[in-house]
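Student: Chains as they are written, first to last, in this note's numbering: chain C, 1 to 173; chain X, 174 to 627.
Treat the hints as calculated values from the structure; they're not laboratory data.
Wrong hints could be hidden among the right ones.
Said to hold, decoys possible - In silico DMTMM-like links for lysine to aspartate or glutamate, alpha-carbon gap of 20 angstroms or less: (1) C:K151 - C:D70; (2) X:K367 - C:D128; (3) X:K406 - X:D460; (4) X:K523 - C:D70; (5) X:K367 - C:D133; (6) X:K367 - C:D92; (7) X:K367 - C:E131; (8) X:K367 - X:D553; (9) X:K422 - X:D346; (10) C:K151 - C:E23; (11) X:K404 - X:E393; (12) C:K5 - C:E91; (13) C:K151 - C:D13; (14) X:K406 - X:D584; (15) X:K523 - X:E505; (16) C:K5 - C:E131; (17) X:K367 - X:D584; (18) X:K579 - X:E407; (19) X:K523 - C:E113; (20) X:K523 - X:D484; (21) X:K367 - C:E91; (22) X:K404 - X:D460; (23) X:K367 - C:E161.
Given next are the chains, with one letter for each unit.
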Amino acid sequence: MTTPKPLPYGDPDHQAAHQFLVEEAALLDAADYPGWLALLTEDIRYLMPVRVTTARGAPASTQPGLGHFDEDMYALRKRVQRLATDHAWTEDPPSRTRHFVTNIRTFRTTPGELRVESALLLFRSRGDTREADLISAGRTDLLRETADGLKLARREITVDEAVLRTQNLAVFL
Amino acid sequence: MIDVAAVVSQVRRGMIPAHVYGDPEIFALERDRLFARSWVFLAHESEIPDPGDYVVRRVLTDSFIVVRDEAGQIRVMFNMCLHRGMQVCRAELGNASHFRCPYHAWTYRNDGRLAGLPFHEDAYGGEDGFARAGQRLLPAPAMDTYRGLIFVSLDAGAPPLKNYLGDFAFYLDFYVNQSPAGIELRGPQRWRVKSNWKIGAENFAGDSYHTPHTHASVVEIGLFREPKASKRKEGALYQAGPGAGTTYKLPPGGDFAGQLRYVGYPDEMIPALTQAWSDRQRALVADSGFMVSAATLFPNLSLVHNWPQIDEHGTVRPFISLRQWQPISATETEVLSWFAVDAAAPEEFKRDSYKAYLMCFGISGMFEQDDVENWVSITDMATGSMARRLNLNSRMGLTADGKPVKPPIADFAGPGVAYQGFGEYGQRHWLSQWSDHLEREPATPPATDLGAAR
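Same shape as in the complex, but just chain C (with noise of 0.2 angstroms):
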């Protein structure tokens, strides 16, 4: 099996995609989270497996059966009612964020469709004092169309250290 050639830069449907995502890292960086959520399909999938480091040609380089999110449209609207709580105090004050959203390549896959692969580097600012937070990751996403435009059906976010250097992931990637 060849591996499918990315759509040309100039293709509709490589600009739908690209702007699919930089809209949405926007939301993101407004924490305008119900406004993500309107963002994914119902049947979303959610993915963020633990990265480790194994040997050079070993079989897998995820921590077979434990990610850091897993995550359906339940547990996702869970996770943003909470940070619309009073109470989330991990998130308040609020983290600074930015999503950085390049190298994106589109593959036209099954009718209705779009894979797109992206890079993200997430600068997430806590406080005053505090150093701030890199997450380097790449990004696999399904987008679907729907009557209501592009919808991201599913996301795996293949990050690219195996210990995380955040306090947490009261944020979304």
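Could you slot chain X onto chain C? The hints should help.
Tutor: The following block gives chain X in isolation, referenced to the frame of chain C:
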């Protein structure tokens, strides 16, 4: 130079000099007097099921390879080549028959024996110059297991693990002995937080008092079937052997099976749970009416058991997590958080329980998120000079003259002592052991040398 006796005497009266949560001198004492002696959890046998399977774990900065050798025996070996000190294994998990040092290619079998030494004849004059036979990677000074949990101690004279666990084993079993198959451990998630390692360990040992406020948000969003935070004060806080923990009060009138169903165990698991737990363990659930929740085994292994609603239909499912507070410095901790589940549980239960875990604990868990925010803030404040002028009050549950506000629960089915309601009994129990270690002079174990001049 720090006055250990003065610090410890404050701690023993329930007043904690605030700087102990951010003081490099205290951290050095913990390294030399506590972690140099205590049993420390490293891994579970289910993480290395087959010959050659290994994980690499640390006790502070000391890296150990935890491996199942070709004969199926668990070995724990210091991850340092005998020759020039290179790590012989730089992956964190995998399967290997041998570990070869990348520096000069000294090669060790997975039971630790030195198998390959390049140019043995030319470089050393063969066996006569340097006896290869009998050399092996340094084993952990002491290694022992309990129900598949692998512990090491850097003190060769450590008591047998079972003696150390003592009465806490009774409570540990609720988490790690749910059927004859034992648990399977998945993970860990690993992340570093700017928090002193003691804060998490103490919290899990008995801080039911923080739940109503710190964790108000998860109750507000209906993650639990009942307003759980305020229920916290009805739970029992127990201290037993080297451990302490919290429980929840179960609804009145339930029999053993009914209480297990209440916390979300499916009917298929109930026969095995009934068999796995002793009469006395079942009595804690059925007669005393308590179900274990958070706990800490001194020094830095914590456990948690909780039962959220995992879908919009209100399905309740319990989960178990083991977590380790791995000290990095006085102000930084690496958290290792595993998901644990009965290895014989139905696949559907494992899936549901995993979901329950991820929603509540681990780096993304909605409980854990708010805990760590508090602990980072405490640590940040503990490093300055004002923290040396403040003794934090850890006397909850005691009157000014040192008597318990309430007597212990008289008919509590478990060993040790237990109190109902809020109180820092568990934290003081933990700190008392911490004090015992810090007061003792450090040992100076002999060095191993090999192939030295005769």
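Student: Hint by hint, say whether it matches the structure.
Tutor: These are the hints, each one checked on the structure:
At roughly 18 angstroms between alpha-carbon atoms, C:K151 and C:D70 fall within 20 angstroms of each other, so this suggested pair holds. Taking the CA atoms of X:K367 and C:D128, the gap is about 15 angstroms. The hint holds against a cut of 20 angstroms. Using a Cα cut-off of 20 angstroms, the hinted pair X:K406 and X:D460 holds, with the two alpha carbons roughly 19 angstroms apart. Restraint check: the Cα-Cα separation between X:K523 and C:D70 comes to about 14 angstroms, which is no more than 20 angstroms; the hinted pair holds.
Taking the CA atoms of X:K367 and C:D133, the gap is about 12 angstroms. The hint holds against a cut of 20 angstroms. Proposed proximity of X:K367 and C:D92 is supported: the alpha carbons are some 18 angstroms apart, at most 20 angstroms. Under the criterion of a C-alpha separation no larger than 20 angstroms, the hint pairing X:K367 with C:E131 is consistent with the structure, at around 10 angstroms. Note on X:K367 and X:D553: the hinted pairing holds, with a Cα-Cα distance of about 8 angstroms set against a maximum of 20 angstroms.
Distance restraint check for X:K422 and X:D346: the Cα-Cα separation of roughly 19 angstroms lies within the 20 angstroms cut-off, and the hinted pair is therefore satisfied. Distance restraint check for C:K151 and C:E23: the Cα-Cα separation of roughly 12 angstroms lies within the 20 angstroms cut-off, and the hinted pair is therefore satisfied. Of the pairs offered as hints, the one joining X:K404 and X:E393 holds, with about 14 angstroms between alpha carbons and a cut-off of 20 angstroms not exceeded. Distance check on the hinted pair: C:K5 and C:E91 sit about 41 angstroms apart at the alpha-carbon level, beyond 20 angstroms; violated.
Taking the CA atoms of C:K151 and C:D13, the gap is near 13 angstroms; set against the 20 angstroms cutoff, the hint holds. Under the criterion of a C-alpha separation no larger than 20 angstroms, the hint pairing X:K406 with X:D584 is consistent with the structure, at around 18 angstroms. Taking the CA atoms of X:K523 and X:E505, the gap is near 33 angstroms; set against the 20 angstroms cutoff, the hint is violated. Taken as a hint, the C:K5 and C:E131 pair is broken in the structure, with Cα atoms around 40 angstroms apart against an allowance of 20 angstroms.
Annotation: proposed proximity of X:K367 to X:D584 is violated, straight-line Cα distance about 42 angstroms (limit 20 angstroms). Restraint check: the Cα-Cα separation between X:K579 and X:E407 comes to about 13 angstroms, which is no more than 20 angstroms; the hinted pair holds. Among the hinted pairs, X:K523 with C:E113 is inconsistent with the structure: their alpha-carbon atoms are about 31 angstroms apart, more than 20 angstroms. With a C-alpha separation of about 15 angstroms, the suggested pairing of X:K523 with X:D484 holds against the 20 angstroms cut-off.
Proximity of X:K367 to C:E91 is assessed by CA-CA distance (about 16 angstroms); at most 20 angstroms being required, the pair is judged to hold. At most 20 angstroms may separate the alpha-carbon atoms for a hinted pair to count; X:K404 and X:D460 meet this at roughly 18 angstroms. Between the alpha carbons of X:K367 and C:E161 the distance comes to roughly 17 angstroms, so the proposed pair stays at or under 20 angstroms and holds.
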